[in-house]
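Throw the hints in and build the complete structure from the sequences for me.
Spelled out, the chains give:
2 protein chains.
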Amino acid sequence: MTQVDPLSMWNAGATKDRILKFVLGTTVTGSGTYVLPSDRVAVFDNDGTLWVEQPYYTQLRFALDRIRVLAADHPEWQNDPALKAALDNDIPDIAAQGMPGVAKIVAASHAGITTEELAQAVRGWIESARHPRFKRLYTELIFQPQLQLIVFLREHGYRTYIVSGGGVEFMRPWAQDVYGIPPEQVVGSSAKTVFEMRNGRGVLVQLPEIDLIDDGPGKPVGINKYVGRRPIIAVGNSDGDMEMLQYATTGDGPSLGIYIHHDDADREYAYDRHAVCGELDKGLEEAAERNWLVVSMQNDWNHIFS
Amino acid sequence: MTQVDPLSMWNAGATKDRILKFVLGTTVTGSGTYVLPSDRVAVFDNDGTLWVEQPYYTQLRFALDRIRVLAADHPEWQNDPALKAALDNDIPDIAAQGMPGVAKIVAASHAGITTEELAQAVRGWIESARHPRFKRLYTELIFQPQLQLIVFLREHGYRTYIVSGGGVEFMRPWAQDVYGIPPEQVVGSSAKTVFEMRNGRGVLVQLPEIDLIDDGPGKPVGINKYVGRRPIIAVGNSDGDMEMLQYATTGDGPSLGIYIHHDDADREYAYDRHAVCGELDKGLEEAAERNWLVVSMQNDWNHIFS
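So the protein lines, in turn, are chains A and B. Taking this note's numbering, the leading residue of the first sequence gets 1, the next gets one more, and so forth. Taking this note's numbering, the leading residue of the second sequence gets 1001, the next gets one more, and so forth.
Treat the hints with caution; some may be incorrect.
Computed cross-link-like contacts, SDA-like style, restricted to lysine to any residue with a CA-CA straight-line distance of at most 20 Å [stated by the list, open to error]: (1) A/Lys192 with A/Val205; (2) A/Lys282 with B/Thr1033; (3) A/Lys192 with B/Lys1282; (4) B/Lys1192 with A/Arg229; (5) A/Lys21 with A/Arg154; (6) B/Lys1282 with B/Ala1270; (7) B/Lys1192 with A/Gly216; (8) A/Lys192 with B/Lys1192; (9) A/Lys84 with A/Gly101.
Calculated from the structure, these hints are not laboratory results.
Here it is in structure tokens:
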């Protein structure tokens, strides 16, 4: 009988060793760093951490595709810088406005419909839209070593959450199939909703108003709100994940902060300090100072996509 | 070997039969009303549904006890009707301001401290404060038949959530011990929080600003946000639970809406249409129209407290 390596897509070396050591240390009974199953919470950013986020956020492409359909009914959008940029499909301009601009575009493009209708639109789009460079479905651009890590953690009694700047209503329709992560373990940015009875059915209608921007300092806020516990593993790839890693790694017990470093232009992308989206600048310094694990996509992963 | 009745505190009769029939119908493989485990979500209101809410909400007592300690630092509270009533300990005036007034008092009384400090204050209070009539700890005033129902549902693969107008930070510190419900399955009203580093530790600080009022039409909003699925069982006791029951019982599959009717002045309290808190008026008509199950505390329960 051969032993199957649960992290076979991670190359042997210090990175892999540290992950294995942490997981075993927190889960083997009698270990000095043992953690009760109830406290085994691992949080993962999504864009750039679990799947590709270049040349721009996937959800932005979805929102831009939708917003042009709706534009005729919303002449007022011309007066808003972020929405105007969306109508012009001006990606650099949108990117320059950061997560708040993206969140505004997303909220506007999803407004007025029910969460169920939105989920249906997302499903239709995600099953057909293709990435501009790789010409594959976005769900085929999941980082496979990360999928192995998620499964490995779950097999060791961890609950695995997505904590993303992306929209919760955009991720929930497919996160279960793709990551095995159920809707209640997906935390993300959200629009306000309102309850209505429509044709005898109670529904939630999306409003064009931001409720939570689950990015940067908003990530610990989202985690506290949805999870109600401090995670002990946090995995991200950008400055927008820094506070989440700070939160996870400044509790009382053992903890592990992980940054995925995009340094593989051939197989994926190479970017950090000056990226238009997914910038990793201050976070790299913080990683060194706090001894977070920095994963090199190029050196530590022998696979990227399926 | 004797068969143990998992709902022994529920009297034999139509109410108990309907509950048993629904749970078995949704969980026995091959049943025409079978529901996949992933969709077995049951939501319970807390105040008046799982524990006593008279003569006024338990959390309000906690907040009033705290607010007087903090009053000296907040002369501006005298200018706010709800906070003024709180400082005067004027319960009828507070009650007249409804859930928004209570939420405001609660938010003010919890502000400025971290969620961890608040949890500690809650634990200290809940372990010592006593109910004015029953002279027992509030956690001893849990309705035991409901506890049986929660356990019975969990044993049949249901995930049991609290969805309460009460504060999420007030319930999470003890819900696991008392109900077996973990923090991530407690949905409630909340204040805004902000992430800070304090003495090298990442913490969430409570702001004196309301984030969500998880009551009335806010309950389906909270459920969609935290759970991301439509529940198929919803249990409440007041008009503030009506939209939650509407949401749960207007989906595609089988569903069960339950109202607990407080009609037992001897053992607990009797109130409905004209109650100062926990009013059940419009909901009673809605229950008749939508065939929700109305539980009589007097007739259907042979125990109330432990």
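Quick rundown of the hints versus the structure:
1. Between the alpha carbons of lysine 192 of chain A and valine 205 of chain A the distance comes to roughly 9 Å, so the proposed pair stays at or under 20 Å and holds.
2. Taking the CA atoms of lysine 282 of chain A and threonine 1033 of chain B, the gap is near 54 Å; set against the 20 Å cutoff, the hint is violated.
3. Proximity of lysine 192 of chain A to lysine 1282 of chain B is assessed by CA-CA distance (about 26 Å); at most 20 Å being required, the pair is judged violated.
4. With a C-alpha separation of about 17 Å, the suggested pair lysine 1192 of chain B and arginine 229 of chain A falls inside the 20 Å cut-off, and the hint holds.
5. Taken as a hint, the lysine 21 of chain A and arginine 154 of chain A pair is honoured in the structure, with Cα atoms around 16 Å apart against an allowance of 20 Å.
6. Distance hint between lysine 1282 of chain B and alanine 1270 of chain B is fulfilled; the C-alpha atoms sit about 17 Å from each other, no more than 20 Å.
7. Distance restraint check for lysine 1192 of chain B and glycine 216 of chain A: the Cα-Cα separation of roughly 16 Å lies within the 20 Å cut-off, and the hinted pair is therefore satisfied.
8. For the hint pairing lysine 192 of chain A with lysine 1192 of chain B, the CA-to-CA distance comes to about 15 Å; that is within 20 Å, so the pair holds.
9. A C-alpha spacing of about 11 Å is found between lysine 84 of chain A and glycine 101 of chain A, which places the hinted pair at or below 20 Å, so the restraint holds.
In this structure, the hints that do not hold are numbers 2 and 3, in rising order.
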